[in-house]
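With chain D held as given, fit chain Y onto it using these hints.
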Amino acid sequence: MLTIKNLHAEVEGKQILKGINLEIGKGETHAIMGPNGSGKSSLASVLAGRENYTVTEGEVWFNGKNLLDLSPEDRAREGVFLAFQYPVEIPGVSNLNFLKTALNEIRTYKGLPAIEGRDFLKLTKEKQQLVDFNANLMNRSLNEGFSGGEKKRNEIFQLAMLDPQLAILDETDSGLDIDALRIVSNGVNKLRDAEKSFVVITHYQRLLEYIVPDFVHVLYNGRIIKTGTKELALELEERGYDWLKEELHLKESV
Amino acid sequence: MTSDITLPFYQALTTDVNALSTCQAQDDLQGIRREALERFSVLGLPTLKTEAWRYSNIQRYLKEFPYELLYATTTVPASVVAQAAIPELDCYRIVLVNGQLQADHSELPTGKGITIGALSAHTQAPGFTKWFNKQHHLAQESLATLNTALFADGLFIELATNTVIDKPVHIVHVYTAAQHAFIQPRHLWVLNRNAAATIIESSVHPDANVVTFANSVLETVVEDNAELWHYNIQQGDQHFREVHTTAAQQQANSRYHHFNFTLPGTPFTRNNLSVALNGSYTETNLNGLYIANGSQHVDNHTFMDHIMPNCNSNELYKGVLLDSADGVFTGRILVHQEAQKTNAFQQNNNLLLGAKADINSQPQLEIYADDVKCSHGFTAGQFSEESMFYLRSRGIGEDAAKALMVNAFSHDITDEVKVPALQHYLQEQIAAIMNN
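Sequences listed follow chains D and Y, in order. In terms of the UniProt record's numbering, the first sequence has 74 at position 74, counting the first letter as 1, and numbering is strictly consecutive. In terms of the UniProt record's numbering, the second sequence has 198 at position 198, counting the first letter as 1, and numbering is strictly consecutive.
If we strip away everything but chain D, and leave its shape as in the complex, we get:
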């Protein structure tokens, strides 16, 4: 579904991604871990099309399409979704109106008619329940005055509504207490199926106890330096990242 080949990217002239290779298949869940500043969030940004990043080398293919050629909105319409680490507050744009606009823009792109008001409300209700999102927040301005947990839950609710093929969760667990983490993870788990793939970016192994990944990758200094299964996450939790860095330096000095 997603193929990343030798991806290099820079921001403000600074090289952040230095040759990422990653293959994500349909229905798989990949975790990307790594110390601060390793490039985890940058990878998410580049995939979603954030404009201050410049791709200097490499390719990204999504369902046979060159993702890097597409505008951020077209990437979303093709089925890529980024759950933001810091969701933006937009006063004056109601959550409901925002979602309806987004849904209809995606439908138009796919050649489908706009969703009927009644169907939209039904869908909203169903997904709210699925991811346990407070209905009172629906008519409020987008993320305005939401708590950290509410913002993250709104990301997952949007994910449920827009039903992408690939969801990238950028440190969705950061700033969440254990209850909020459980709710958010339960929401994600309910959305997992054979068609949908997830990239879970996290700093902590804790999240991976709830969202169990098929693969774990360690990103360091703009590259994936180790790939394993969920056991790798546990090892990282116990031993930290230093042993991996040492391994890497040993390899490089040889």
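It should be emphasised that the hints constitute simulated quantities derived from the structure, not laboratory data.
Restricting the straight-line Cα-Cα distance to at most 27 Å, the calculated cross-link-like pairs of lysine-lysine (DSSO-like) are:
id, chain 1, residue 1, chain 2, residue 2
1, Y, Lys418, D, Lys100
2, Y, Lys402, D, Lys100
3, D, Lys196, D, Lys110
4, Y, Lys402, D, Lys110
Quick list of simulated restraints, FRET-style, between CB atoms:
id, chain 1, residue 1, chain 2, residue 2, range
5, D, Arg107, Y, Phe383, 20 to 30 Å
6, Y, Gln337, D, Ser174, 53 to 63 Å
7, Y, Ser384, D, Gly37, 19 to 29 Å
Using N, Cα and C, we set each Cβ at its ideal position, and we do this for glycine too.
Showing chain Y alone in chain D's frame:
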């Protein structure tokens, strides 16, 4: 006046002043008119050297055509009036053609204590005698003095003590003429003690080939404990130019809520808005939203005159400037020495979305009292990139995202509109502008 003598407009003025005074021979305002004309001859027409008009070149529009000052009064078909309809709005309707009341198209509120009619027919009314041309800021604005000298007619409203109009009143201004015309409507609305009303103004421009220039003056008086909600919607067309002067006076404990919406259409709009607080414990809300495109020019010149202590005023003007539109905002706040415990707040925020769009914003605070809270602020910017990216990352295209953001930006103002049908109408208009 000497420097402007070459303007065709002036030539028309000099020719027509005599004719006008002849046709208004029955008018019992000759003294007031003469005095205003003298005042006008001292002030002259504003030029770019006139401090309050530095950024608004009105001469350019006065020079454009030989305007008729005398034009035949006319009527319009119902279809023209219907263009101004606000869907779902349950209201009374007053239709004015070039300032002349059209009773057959109007549905006036009736009831005890309500006096509504042509200004010319009410020069003996108590509200008129007491308040007409009394707002002292008018004498400072040359075009207002010109209006006082030469106005033909307008709308008079007086609500007696304790009179409340149960539904909003929608005033539809139709501007139409056979030849390019300089039209000067004059209105006076007086809300006596404890009276309350909601008034909505908008305009219709049926002629595609004739230029109309409206120089209108409205005086409003909000007496003790009275409350006026006043919405002015400016949506003209390419053939319209407008100088709109609103001079309000508030007595003790009164509330005045003024909303001004300037939407695309008219190339030149200048709004003079001044509020004189003659009593204490008043509340004043001045809300403005201007969305301009093409090479449109919108100038809002506001003046909060805090004469008495313990008054609150809150002013928020927001602008969206597209293409090469330019905006001007002046916010003068004068707090007299006696006006202790004044709260006066002012804010002007702008979105500059056109490559050549620009805004000149000027707060003017003069504070002579020492126990006051006053503030002002100004911003000009583009959309936050992060917000745009957030919307786009959800599949919302750039144009739709901009429309959402402009709606959001306008929300501080539209949210305060207390008439749901009007609020909805304005939101739709804003969305339509942005989707265009």
